[in-house]
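Taken in sequence, the protein lines are chains A and B.
Position 309, counted from 1, in the first sequence is what UniProt numbering calls 309; the numbers after and before it change by one each time, with no gaps.
Position 115, counted from 1, in the second sequence is what UniProt numbering calls 115; the numbers after and before it change by one each time, with no gaps.
Accuracy of the hints is not assured; some may be wrong.
The list treats identical chains as interchangeable, and a pair is accepted whether it falls inside one copy or across any two copies.
[Claimed, not checked] Heads up, simulated EDC-like pairs for lysine to aspartate or glutamate below, C-alpha to C-alpha not over 16 Å straight-line:
1. K189 to E234
2. K188 to E234
3. K281 to E234
Treat the hints as calculated values from the structure; they're not laboratory data.
2 protein chains.
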Amino acid sequence: MSIVVVGSVAFDTLTTPKEHRARIQGGAAYHFAQSARFFTDVKVIGVVGNDFTAEHEATLTKRGIDTTGIEHADGLSFHWTGEYKGAMSEAITLNTELNVFGSFDPKVPESYKSSDYLFLANIEPTLQLRVRQQFPNAKLVAGDTMNYWIADHKANLLKTIAELDVLVINDGEARLLTGEHNLVTAAKKVMEMGPKSLVIKHGEYGATAFFCDRSFPGAMNTVPFRAPALPIEEVVDPTGAGDMFAGGFFGYIASQPELTPRVFRTALFYGGVMGSFAVEKFGSERVQELMREEIEARFKLFREISHLDLDAA
Amino acid sequence: MSIVVVGSVAFDTLTTPKEHRARIQGGAAYHFAQSARFFTDVKVIGVVGNDFTAEHEATLTKRGIDTTGIEHADGLSFHWTGEYKGAMSEAITLNTELNVFGSFDPKVPESYKSSDYLFLANIEPTLQLRVRQQFPNAKLVAGDTMNYWIADHKANLLKTIAELDVLVINDGEARLLTGEHNLVTAAKKVMEMGPKSLVIKHGEYGATAFFCDRSFPGAMNTVPFRAPALPIEEVVDPTGAGDMFAGGFFGYIASQPELTPRVFRTALFYGGVMGSFAVEKFGSERVQELMREEIEARFKLFREISHLDLDAA
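Bound conformation, chain A alone (with noise of 0.2 Å):
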């Protein structure tokens, strides 16, 4: 089944403790639709500009990506300016540049309508809502915020929140969102904003699911599930892994044909998969070469990993 997913299609200036990589191609949307496409149909909606040619559209449709859903406006994509320091477990925002991303107005194409599966990436959350609403008979939802809206733009965001079925953020988010250090009162805090289920990712050490609603079809009880994270030695840049990871736990649920327990635990291993490959290269560059056998591999290689019940002694 496919995706629609939403968000930015950009540039990105990074600088790392040992590189700098100016203007590579990313954006929440981009990276999301670079990982989920190994798994299922995936259609992006955005907004770039004149800067943005067919070549830098062609490292999506060449890999089966639809970009019909891509305006191209007058000026210049949105553009992004970060660095990470030391252990690059935060990324500082140097300069954002949002361009035509600043009046984007999200255009529903005809041929999205019938997607099953919708994919709210990081932007403004009344964007977020309005494409939200444009598919009033999805069957998920599934959506991810930042620092940014939640702190200046809650009120809209919770909005947003409350019409998903999957939120996906992270260990800093969900405690800015809620004002708890601990994680399962803010998952529960979080869980009575709306979505029936939460996904925390928490880096190097992997993610935990949420469930408060035992009628959700990829809850078991309400038990939590800990996916692991691979310890990774080189992270050459961490720019676009949680979207990665969003990526591949969302496409791997949209390729099952029900979802189920165990499609929900086995898609949130395939996101650690793909946000594991992601760190590898700049940007996209790693997923972008990326072999399904590749994935298939570190997928086994995360239960050889995290798993008591194997073969061996």
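Following the hints, position chain B against chain A.
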């Protein structure tokens, strides 16, 4: 098989955001023993003062823990005063009164010498080494340490670490010991120091075991293994949770006929299980009242929250 543990048997005065407790029983060897005794026979080496009464000793002996090796010296017992703030992720030491522990010279009773398993709980590293040398034929030797010894007694600590089969430390200690942010890089550096394996505890995120030596019977190749922690809403007191993790981990290993990769992995799960009980009440209160069935039920829960291969759809 029995375990000998050497370390502090002490009193703790603790302040958490919600509560205060004065002079409750604690110490690394005490907590370790209270946890490991569910799995195997435990023999303690330590020193206490005149304030450690028969009633205090009975909290060990009535649970089958051998206290022959606890020396009664003239003076007061080791007394640690600590506080936890906010997320309670770090203990703030307010006062350390070594008392009789300051001149502790561990003596190994004859009846302890046939034990095959030795755990060097957190004490001054030359004392750890002196005890270790009295068990030249131990099947498995594991140990812990803390920031203080890493920062100020590193040369001595390295001599002890070189003699360990398993070093059990936390994220912060691994980083301090190696000067490396990245835990995989840190793990590699630690293993160059001589231990056959390394367990890094991540607190609420679980633990990771690293192996450098394929011939180590607990290793499956050199792939790491990650065990989860239980998401816990109300952490009452984290004091001793690390020692109880070690007690569950090492106790389970000692209870098994042979160290295999499967035993090592399962032991990490039991470590997490015991750590998860430890934080539910002050000091060892929760673990002292624990029933074996509760341990097995929680072990099952640990599998349920982390394994894909369940009977559920």
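Evaluation of the provided hints:
With identical chains, the CA atoms of K189 and E234 are at most 16 Å apart between copies only, with a shortest distance of 14 Å across copies and 35 Å within one. When the C-alpha separation of K188 and E234 is checked against a cutoff of 16 Å, the pair qualifies only between copies, where the shortest distance is 13 Å, while the shortest distance within a copy is 34 Å. Within a single copy, K281 and E234 get their C-alpha atoms as close as 9 Å, which meets the 16 Å cut-off; across copies the closest is 39 Å, which misses it.
In this structure, none of the earlier numbered hints is contradicted; all agree with it.
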